[in-house]
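Student: Here is what each chain is made of, one letter per residue.
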Amino acid sequence: MKIATLIFVLLTTISCVSIPNTPNTYVLNYEDFGPPVIANELIGMDWWQWENHGDSRPKVYDIKVVVYKEITLNKVKENYPIDSANNKDYRYIEYVDAIKYLDEHIDENVFEIVTIKLLKTKNILVSSLGKK
Amino acid sequence: MSSFSDYAQQKLIDLYENHSHEVGIKLKLSDPVKYKDYESTDCITYALNVISFAFKSIGNDDAAKKSWSLGKFGTELAKYLVDIHSWKGIYINPDVNHPSDSDSEHSYSHHLALKKCEYYKIPLDYKVTNYDITPKTSKAFGTLNKSKGLTALNSIDITSLELVKFGFGVSRGGQHTWLFSLGKVYEVHWDEIGSNLYEASPLRTYPWLSGAIVIPLDQASLLVPSTKLKCK
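Residue numbers (numbering that gives the first Met the number 0), protein chains in the order written: chain A, 0 to 131; chain B, 0 to 231.
The hints are simulated quantities; they were obtained by calculation from the structure and are not laboratory data.
Treat each hint with caution, since some may be false.
[Stated by the list, open to error] The calculated label-pair distances, taken between Cβ atoms and stated as ranges, are:
id: 1; chain 1: A; residue 1: N86; chain 2: B; residue 2: N195; range: 20 to 28 Å
id: 2; chain 1: A; residue 1: V125; chain 2: B; residue 2: N17; range: 56 to 64 Å
id: 3; chain 1: A; residue 1: I18; chain 2: B; residue 2: L28; range: 35 to 43 Å
id: 4; chain 1: B; residue 1: N17; chain 2: A; residue 2: Y91; range: 30 to 38 Å
id: 5; chain 1: B; residue 1: L28; chain 2: A; residue 2: N73; range: 27 to 35 Å
id: 6; chain 1: B; residue 1: I83; chain 2: A; residue 2: E103; range: 56 to 64 Å
id: 7; chain 1: B; residue 1: L216; chain 2: A; residue 2: P22; range: 55 to 63 Å
Beta carbons: idealized from backbone N, C-alpha and C, even for Gly.
With the hints as constraints, model all of the structure from the sequences given.
Tutor: Encoded structure:
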């Protein structure tokens, strides 16, 4: 019962996105990978990828991260196409790379609040796409 | 004889005060016909206009050209200025423990600045921090670092930075770029025109919080010794 509740909480707190997931992909928000100062090495910068920079006033961009497994990158791009005209910005990350990144930063545990967020992200990926 | 910083400061102020020929690039894109007679600008274009002018003024046309080619991304331009022209990188953060927007970006970038002497791969030699402390009464206080008390105010380091004549600034890994002179941030808003296109505001209260400023080598001697980073 506790596990079911935990999974429900994780699903509702992390994955409040309307973009459909598939058995081989899971869509998360940029913020689920921690602050940009670490996340940029995995998923790029936290502004539109078709711009050289962002707004001159602090702003949050709706950037989605598609984690994929046992599916080709081309297929993922087909399913989640980048569309600058409609501000659809997707970053594509292979499952193993996402987990490696999350494990590294969870182990570092620099700030508890960040570590908790990364742990939640890892848990949701493992429960959705499996362990390996 | 004038230095790079003298020329840069002169151009920075000139554009800040005289820009009736310019419009923010987003505004121009939204109505190209209406703004057809205006030159488009944005935050990085302002920086490149100033930096390339100063390089040309000291006779380095190659560096002026190279700056434009790298200027697509603010962090790459900053890294070029440090790596090739021996500029010095300064990490900035008004309150390393309790950022006023509660965003972990600021405390995390501080952690990495101290550990690696880098800000998004821009080499750092100095840090100027804790110059605008988040009060205990703020909602943001303690949201990131629950166990830490009020951060000690450091007015000495920021006061020395405020003597620096010219610098190029980068916020949030290059999401925004700006220029710095004598304690003020000079920036362009890409969705504005006229008196709102350019803005000057004190660095001490700049809302982007953490970031980096790169400054010409001759300006670095103005910084007090306590600003030196020690991870090298």
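Student: Would you mind marking each hint as holding or not holding in the structure?
Tutor: Hint-by-hint comparison with the structure:
1. A:N86 x B:N195: 20 to 28 Å: holds, 24 Å
2. A:V125 x B:N17: 56 to 64 Å: holds, 59 Å
3. A:I18 x B:L28: 35 to 43 Å: This hint is violated: roughly 27 Å between Cβ atoms.
4. B:N17 x A:Y91: 30 to 38 Å: violated, 46 Å
5. B:L28 x A:N73: 27 to 35 Å: holds, 31 Å
6. B:I83 x A:E103: 56 to 64 Å: Cβ of I83 (chain B) to Cβ of E103 (chain A): about 32 Å, so the range 56 to 64 Å is violated.
7. B:L216 x A:P22: 55 to 63 Å: holds, 57 Å
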